[in-house]
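Engineer: Take a look at the letters that make up each chain.
Number of protein chains: 2
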Amino acid sequence: MIRIAVDAMGGDYAPAEIVKGAVMAARAGGIRIILVGQLDPVQAELKKHDTSGLQIECVRADDIIIEGEHPALALRKKPNASIVVATGLVKAGKADAVVSAGNTGACAASALYLLGLAEGVERPMVGGPLLGLAPRTVLLDAGANIDCRPHHLLNFAIAGTVYAQKMLGVAEPTVAVLSVGAEKGKGNELAREAYTLLEQSGLKFIGNVEGHDIAEGKANVIVCDGFVGNILVKFSEGIGSGLSRWLQSRLQGQLPTPAVDALCSDLLALTSVAEVIGGGPLWGVKGVSCVMHGRGRAEQVAGCIAQAKKAVETGLVTALNAELARAGHNTSP
Amino acid sequence: MIRIAVDAMGGDYAPAEIVKGAVMAARAGGIRIILVGQLDPVQAELKKHDTSGLQIECVRADDIIIEGEHPALALRKKPNASIVVATGLVKAGKADAVVSAGNTGACAASALYLLGLAEGVERPMVGGPLLGLAPRTVLLDAGANIDCRPHHLLNFAIAGTVYAQKMLGVAEPTVAVLSVGAEKGKGNELAREAYTLLEQSGLKFIGNVEGHDIAEGKANVIVCDGFVGNILVKFSEGIGSGLSRWLQSRLQGQLPTPAVDALCSDLLALTSVAEVIGGGPLWGVKGVSCVMHGRGRAEQVAGCIAQAKKAVETGLVTALNAELARAGHNTSP
Chain A
0 MIRIAVDAMG
10 GDYAPAEIVK
20 GAVMAARAGG
30 IRIILVGQLD
40 PVQAELKKHD
50 TSGLQIECVR
60 ADDIIIEGEH
70 PALALRKKPN
80 ASIVVATGLV
90 KAGKADAVVS
100 AGNTGACAAS
110 ALYLLGLAEG
120 VERPMVGGPL
130 LGLAPRTVLL
140 DAGANIDCRP
150 HHLLNFAIAG
160 TVYAQKMLGV
170 AEPTVAVLSV
180 GAEKGKGNEL
190 AREAYTLLEQ
200 SGLKFIGNVE
210 GHDIAEGKAN
220 VIVCDGFVGN
230 ILVKFSEGIG
240 SGLSRWLQSR
250 LQGQLPTPAV
260 DALCSDLLAL
270 TSVAEVIGGG
280 PLWGVKGVSC
290 VMHGRGRAEQ
300 VAGCIAQAKK
310 AVETGLVTAL
320 NAELARAGHN
330 TSP
Chain B
0 MIRIAVDAMG
10 GDYAPAEIVK
20 GAVMAARAGG
30 IRIILVGQLD
40 PVQAELKKHD
50 TSGLQIECVR
60 ADDIIIEGEH
70 PALALRKKPN
80 ASIVVATGLV
90 KAGKADAVVS
100 AGNTGACAAS
110 ALYLLGLAEG
120 VERPMVGGPL
130 LGLAPRTVLL
140 DAGANIDCRP
150 HHLLNFAIAG
160 TVYAQKMLGV
170 AEPTVAVLSV
180 GAEKGKGNEL
190 AREAYTLLEQ
200 SGLKFIGNVE
210 GHDIAEGKAN
220 VIVCDGFVGN
230 ILVKFSEGIG
240 SGLSRWLQSR
250 LQGQLPTPAV
260 DALCSDLLAL
270 TSVAEVIGGG
280 PLWGVKGVSC
290 VMHGRGRAEQ
300 VAGCIAQAKK
310 AVETGLVTAL
320 NAELARAGHN
330 TSP
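As they're listed, the protein sequences go chains A and B. So for the first sequence, numbering that gives the first Met the number 0 puts the first residue at 0; every next one is plus one. So for the second sequence, numbering that gives the first Met the number 0 puts the first residue at 0; every next one is plus one.
Pulled out of the complex, with its shape left as it was, chain A reads as follows:
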């Protein structure tokens, strides 16, 4: 049985929605949930649900790292913070994965300091499927690596390839560099240099893709620096929210309300995968650490726990870290 440590105190709707989502995930079966946080509020939330037959335990952690705190400083000041204790369970071999909707920087810092970086990696990476319109396309980095060098994009390509294989079931994922033209030589310095590096990588590199190719799912793995990736993730969320509100008002009275609601919620899912699966693994650390959107609710929490379970089952991290180490030996940054 896979053991998932859940940071019960992290996120805009913690602990209520986190606990609710964890219970949902436990009901889906095959996992043991370890809720980490302040015992009183967590147990009070837990009592609201029927947990008979489910494997759920609580582990005490009295501190909380809130949004806006400086990650590294907070880690030092609050060794009993829920995210630190939860990640520590993975480090100690008492949990197979950690899931948190808390301060993203603190999640990454906890993973970095407690689990450690994989060989050949300088910073953890984040990313995953971006658009429901293109469910078999992974984009990274989504914001953990703002200023990048070409070898970082190579690492993103490796991470995305292993993710697409293990999590999406794509046998031979195609890889592309996000740029402003299809031809080699188009793009900024980073994109141009990454092109050359990826040509020699042994990955299934198909060249550059442009902005409109993302929604078309033209490649399974699309790499860019975290500045571009983060802006794209948020841009598509913003478009999704705006269009959803517009569609709601335009269809009011023309279709039954439940049909309109379903349509709008599907539209949101097509523009933002985060709306559906709630988050994804932090890549390049020695363990499974899944980071969620702060505003994730119970459904997203359950979705992210399911992702973490799948990552453990498929051996994502072991496979990924072996590939990253191999690439690290072949390139000199």
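Keep in mind the hints are simulated off the structure, nothing from the lab. We put the CB at the ideal spot given by N, CA and C, even for glycine. Each statement offered as a hint is correct.
Distance windows between CB atoms, simulated:
| # | chain 1 | residue 1 | chain 2 | residue 2 | range |
| --- | --- | --- | --- | --- | --- |
| 1 | A | Asp11 | B | Glu66 | 47 to 53 Å |
| 2 | B | Pro40 | A | Glu171 | 45 to 51 Å |
| 3 | A | Pro40 | B | Asp260 | 49 to 55 Å |
| 4 | B | Pro255 | A | Asp39 | 56 to 62 Å |
| 5 | B | Pro255 | A | Glu312 | 46 to 52 Å |
| 6 | A | Lys309 | B | Pro40 | 55 to 61 Å |
| 7 | A | Gln42 | B | Glu171 | 53 to 59 Å |
| 8 | A | Glu118 | B | Glu171 | 49 to 55 Å |
| 9 | B | Ile205 | A | Gln199 | 43 to 49 Å |
| 10 | A | Thr50 | B | Glu182 | 36 to 42 Å |
| 11 | B | Gln42 | A | Glu171 | 52 to 58 Å |
| 12 | A | Glu121 | B | Ile205 | 30 to 36 Å |
| 13 | A | Lys183 | B | Ile65 | 16 to 22 Å |
Using 25 Å as the maximum straight-line C-alpha spacing, the simulated DSS-like pairs for lysine-lysine come out as follows:
| # | chain 1 | residue 1 | chain 2 | residue 2 |
| --- | --- | --- | --- | --- |
| 14 | A | Lys185 | B | Lys76 |
| 15 | B | Lys217 | B | Lys165 |
| 16 | A | Lys77 | A | Lys285 |
| 17 | A | Lys76 | B | Lys185 |
| 18 | A | Lys203 | A | Lys217 |
| 19 | B | Lys76 | B | Lys90 |
Knowing the structure of chain A, use the given hints to seat chain B on it.
Structural biologist: Leaving out everything else, chain B in the frame of chain A:
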């Protein structure tokens, strides 16, 4: 009467849709159209329309610069290309503006070499409203300036401010840097340095905005390098096309076909302003040169000609170039 030179041979649907659009624009009144291109095909297209009472003349240009040709080389090899001759009419004072849907690089190169750069500018800039969802928000650069320095972003901010004032009627446009967090200090090196420069610019700078703020129209002018801008423009077009196809199939049979079609076409317009207005001015040159999407049809051609007319009427270029020159004197790149 404002005189617009139209490159009749440029664009995926030239000359048929270009001529049709030019006729539509002439019918809207207040302009004299100068169609530039190969006389036989252009006049053949012109004969398909009722042009009585309209001011439309043709000017001969036998060459065409096609998509994919190297702009600077093509300019040298083909001095009689339609875009060159059309831009030359502006240079010679025989037209007030030029509009083209041809090879974007060739349009920019023609403007650069024939009209010349405004003071303080190193390369022409492109941009404009990005999303119909945020019609009072201008984003630039949209792809003419791939690798940027902070003072380029200052120029984009100035150009966007003058555009928002003259073309969108916003009295005091707010300006923001596109980044990955609201706080000063967030972002890549370019965004962080541009923040400092814009703080001191005298523009109505409101700080950083993030990806989701674009659709919300959080600032009237949002600046980024042309690499990011170009990817965003195309990304939103891709999302629009994908969602439009999805909506079409989802609503089939639930609403009358014309209602579905109208909804889908509105959705496209909300995600891509280029679908509606077809293009915009090239900024930072000494004259009005409007560049269109290559796949623009008659409606977009007419829209872009109307934009060019408005740019002439409002004195956009004179005002803009004065501001750019002033900023050039105040900053040392």
